[in-house]
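A.B. asks: Residue numbers (this note's numbering), protein chains in the order written: chain A, 1 to 261; chain B, 262 to 543.
Hints listed in this document are in silico derivations from the structure and should not be mistaken for laboratory results. Small disclaimer: the values here were computed from a predicted structure and weren't measured. Treat the hints with care, as some may be off.
Said to hold, decoys possible - Here are the simulated DSS-like pairs of lysine-lysine, each with C-alpha atoms no more than 27 Å apart in a straight line:
no., chain 1, residue 1, chain 2, residue 2
1, A, LYS56, A, LYS239
2, B, LYS458, A, LYS239
3, B, LYS378, B, LYS458
4, A, LYS56, B, LYS530
5, A, LYS221, A, LYS191
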Amino acid sequence: MTTIDSGATVAVSVQNVVMDYGGSTLALANISLNLAEGEFLSIVGPSGCGKSTILKLISGLERASHGTVMVRGQRVEDTPPGIGFMFQRDALLPWATVSENIALGLECAGYPVDRRPARIQELLHLTGLDRFADFRPRALSGGMRQRVALGRILAYAPEIYLMDEPFGALDAQTKLSMGQELLNIWSTSRKAIIFVTHDIEEAVSLSDRVIVMTGRPGRIKAEYRIDLERPRDARQVRKLARFHELVDAIWDDITSEKVSH
Amino acid sequence: MTTVYSAVESVVVLGEAKRRAPGATHAERQRRERWRVRIGRIVFAFFLIAAWELGSRYLFDPFWAGQPSLVVERVIEMIRNGDLWWHLLPTVGQALTGLMLSLVVGVPLGILFASNKTVEKVIEPFFLGLYSVPRVALAPLFILWFGIGPSSKVVMAFSLVVFIVILNTYEGIRGVDRDLIDMLRAMRASRLYILRKVILPGIVPWIFASVRVGVGLALVGSVVGELLGSNRGLGWYIENAAARIDVIGVFSGLVVLMIVGMLLNEIVKAVEMRLLRERYAP
């Protein structure tokens, strides 16, 4: 189930993880998955299936009840270094400007103080926020706020990105363009990404591999290798026959689960 | 900043302006509203004072009920002979010192309670017990401990305000967005860094809220201390006038206290607006 390209090194390994919050059902029931270095992996599933919990376990924000979580060969005890966590809610400091919010990533990474201003300018440019450096989050649209959050994560320069429905609250158009930008950034840096979403088309258009989860208790139902050519255009890829085959297959997996309940 | 924001604002304003007053801009309507409030306040104060003045002339004896014109006369006399400053300075000084002390002690304690569950649970019943003791009843004790000088009044003001500061700080921290803390934790930020970047800026509006409530309470503490034992201050002035059945004197002291309270409140509000509007406006 957790196959990985031969020769690729493992960035994240989750083995037989159980998460029990003490309720009547388990949040996660025996989850195993691997993420290769440089891989773009998506996890799709209905809300409440525990896909966000997997990210919290990898980032060390929560501890598994059973099983092991390893990041780059190290068992996760505390938050491992080099993890970039992006939340569905932008988690921007409301009282800080765009620049100050992005600077948090540099400060946490211990980036040299004298080179910070220049790096902030680069990141503002990369995320298309040049003109908004001194804005506060409340003056920005949802899409722009997520750009700031992206800029902050890029500033931290992580080796592994954990993205929890980062574009889930955005309108369809903004979502598509943010997806494209993420693809562009990813294709130049090739960092490993786990991207959690409930949008199947988004998952297929972005990823190398899609894991399908089912809810309550959360378990892995199926796994798809997305053999669409790269580099991809987030819009053009949606016109391919293979794209629709994959999306349909994943839809069938998720709906058949609901019927059987 | 201005370009996009004002564009958004003007769209909203256009819609509203059409509905309410044709031709009036947002700023103009705000200015009118400010003036309406100012004039309303003056009219309200005028009627209140007029009713008191007329009442004490025709309905009841000013010897017991006071009379605004006599109070004004007395206050002017107090300004002339320097009595006003002599009594005002210690009262306000003690109140403000007590308020500052409450912030210096209360904020760290609030942070401690909010960040350590065990400490919070151990202390909570004692804290609430102490909170429910009427602090005014402790005034004689404070005077025994700290003498009839200013320090007993500072402690009195402190004992009234510090609880408000602790509770507000505690609530403020509990209201801080967990995602902000998780976001920094995921980047391996230290606890001190999280305190500096998220917790402290997050509770600034709550600290201002405690100052707003605390100013009045601190003044109460200072005056109560003076009522019970002192040789100076507005509290002493009122107590002394009452002992001589000088009702005009009592009212004069009360009016001065009221004006001081209102002024301090306005100052706090103005400072708060200045500091918070930029960063904390909703």
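A.B. asks: Is LYS221/A within 27 Å of LYS191/A, Cα to Cα?
C.D. replies: At roughly 26 Å apart (the allowed maximum being 27 Å), LYS191/A and LYS221/A satisfy the hint.
A.B. asks: Has the given pair, LYS56/A with LYS530/B, been kept, meaning a C-alpha gap of at most 27 Å?
C.D. replies: violated (42 Å)
A.B. asks: For a C-alpha distance cap of 27 Å, please report whether LYS378/B and LYS458/B respect it.
C.D. replies: Satisfied, since the Cα-Cα distance of roughly 22 Å is no more than 27 Å.
A.B. asks: Does LYS239/A sit within 27 Å of LYS458/B, going by the straight-line distance between their CA atoms?
C.D. replies: Answer violated: LYS458/B to LYS239/A is near 46 Å, above 27 Å.
A.B. asks: Given the hint that LYS56/A pairs with LYS239/A, test it: the Cα-Cα distance must not exceed 27 Å.
C.D. replies: violated (34 Å)
Hint compliance for this structure: hints 1, 2, 4 are broken, all remaining hints hold.
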